[in-house]
Amino acid sequence: MNNRQQRGESERAQLRRSELIATGRKLFADTSYDALSMDDIAQHAGVAKGLIYYYFKNKRGYYLAIIEDSVMELVSLASGGGDLPSTQRVQRTVEAYLRFAEFNEAAYRTIITGGVGFDTQVQAIRDAVRTGLVSTVAEGAYGRQDIPPIARLALLGWLSSVEWLTLEWLEHRDELTREIPRDLLVRMLRHTLNTIEEFAPECPAPPPDPDFRPYTGRSPESAESAGERRTGSLSPPGAR
Numbered sequence: 002m003n004n005r006q007q008r009g010e011s012e013r014a015q016l017r018r019s020e021l022i023a024t025g026r027k028l029f030a031d032t033s034y035d036a037l038s039m040d041d042i043a044q045h046a047g048v049a050k051g052l053i054y055y056y057f058k059n060k061r062g063y064y065l066a067i068i069e070d071s072v073m074e075l076v077s078l079a080s081g082g083g084d085l086p087s088t089q090r091v092q093r094t095v096e097a098y099l100r101f102a103e104f105n106e107a108a109y110r111t112i113i114t115g116g117v118g119f120d121t122q123v124q125a126i127r128d129a130v131r132t133g134l135v136s137t138v139a140e141g142a143y144g145r146q147d148i149p150p151i152a153r154l155a156l157l158g159w160l161s162s163v164e165w166l167t168l169e170w171l172e173h174r175d176e177l178t179r180e181i182p183r184d185l186l187v188r189m190l191r192h193t194l195n196t197i198e199e200f201a202p203e204c205p206a207p208p209p210d211p212d213f214r215p216y217t218g219r220s221p222e223s224a225e226s227a228g229e230r231r232t233g234s235l236s237p238p239g240a241r
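Our numbering puts the first residue of the sequence shown at 2, with every later residue one more than the last.
Because the hints were derived from the structure by calculation, they are not lab data.
Note that the coordinates shown come from a computational prediction; the quantities given were computed from them, not determined experimentally.
Hints should not be assumed to be uniformly reliable.
Below, simulated DSBU-like cross-link-like pairs (lysine-lysine); rule was C-alpha separation at most 30 angstroms, straight line [as the list claims (entries may be wrong)]: (1) K50 <-> K27; (2) K60 <-> K50; (3) K60 <-> K27; (4) K27 <-> K58.
Using C-beta positions, here's what the derived DEER-type ranges look like [unchecked claim]: (5) H173 <-> S33: 19 to 27 angstroms; (6) F200 <-> A49: 53 to 61 angstroms; (7) D41 <-> P150: 18 to 26 angstroms; (8) E199 <-> G51: 58 to 66 angstroms; (9) D41 <-> P202: 19 to 27 angstroms.
Note that CB positions come from ideal geometry on N, CA and C, so glycine has one too.
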């Protein structure tokens with residue numbers, strides 16, 4: 002087999018593997034790990050079960066490949082919008098994060114809660130997600146990813162709140178639209194960035210967006226009235 006044939010075979014194998022991962026993401030989107038057998042997966046994918054074993058060795062390997070693919074999408078979505086002003090990039094990051102969790106709920110729960118039992122490989126994937134998202138927020142807020150340890154610690158604390166607030170919202174999203182947790186998290190981040198500036202003056206918080214109006218589900222008139230009663234409140238970074 003010449004080099005061109007080898008490349009062709011490799012490309013076809015990669016395509017087949019990607020197709021199997023895409024199928025798995027759909028299957029596991031709202032179905033738990035234990036609820037699907039390899040026979041179920043092969044039937045839905047329209048392939049022989051042996052092909053899945055060939056590419057992924059076993060069900061767990063297949064599931065981990067799906068989680069890793071989901072993670073790559075999450076970080077990619079959250080890090081988009083590099084051409085936006087810093088005051089808007091942060092809100093876009095939070096919006097993308099919540100959208101991902103909403104439409105990839107099973108994978109998201111696996112990433113955040115640690116997988117099937119205490120799974121060190123899923124824990125490592127979750128750590129990579131956190132590192133990527135903290136870097137994304139730092140880039141959006143400060144224009145750089147190299148930040149002092151105290152700033153990184155504070156952003157990790159905020160991200161922990163993001164994770165568990167999102168899990169709770171997923172349980173009640175029929176009562177709370179996505180705009181509510183988004184704006185809560187953006188406002189919480191504003192306070193975190195202000196606190197970071199107090200501890201690390203070399204990391205000044207980006208300027209607040211004067212046009213920010215948090216979504217509360219109330220009428221514009223009542224929200225405006227409530228805003229007038231607040232004095233000295235901080236507007237989080239983000240714009241409609």
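Going through the hints against the structure:
1. For a cut-off of 30 angstroms, the pair hint linking K50 to K27 stands: about 17 angstroms separates their Cα positions.
2. Proximity of K60 to K50 is assessed by CA-CA distance (about 10 angstroms); at most 30 angstroms being required, the pair is judged to hold.
3. For the hint linking K60 to K27, the alpha-carbon distance of about 15 angstroms falls within 30 angstroms, and the restraint holds.
4. Pair hint K27 plus K58 holds up; C-alpha atoms about 20 angstroms apart against a cutoff of 30 angstroms.
5. A hinted range of 19 to 27 angstroms for the beta carbons of H173 and S33 is consistent with their spacing of about 20 angstroms.
6. In this structure the supplied range 53 to 61 angstroms holds for F200 paired with A49, their Cβ-Cβ distance being about 58 angstroms.
7. Distance hint check for D41 and P150: the Cβ-Cβ separation is about 46 angstroms, which falls outside the suggested range of 18 to 26 angstroms.
8. Under the hint 58 to 66 angstroms, the C-beta atoms of E199 and G51, about 60 angstroms apart, fit the expected range.
9. Distance hint check for D41 and P202: the Cβ-Cβ separation is about 57 angstroms, which falls outside the suggested range of 19 to 27 angstroms.
Of the numbered hints listed earlier, those contradicted by the structure are 7, 9.
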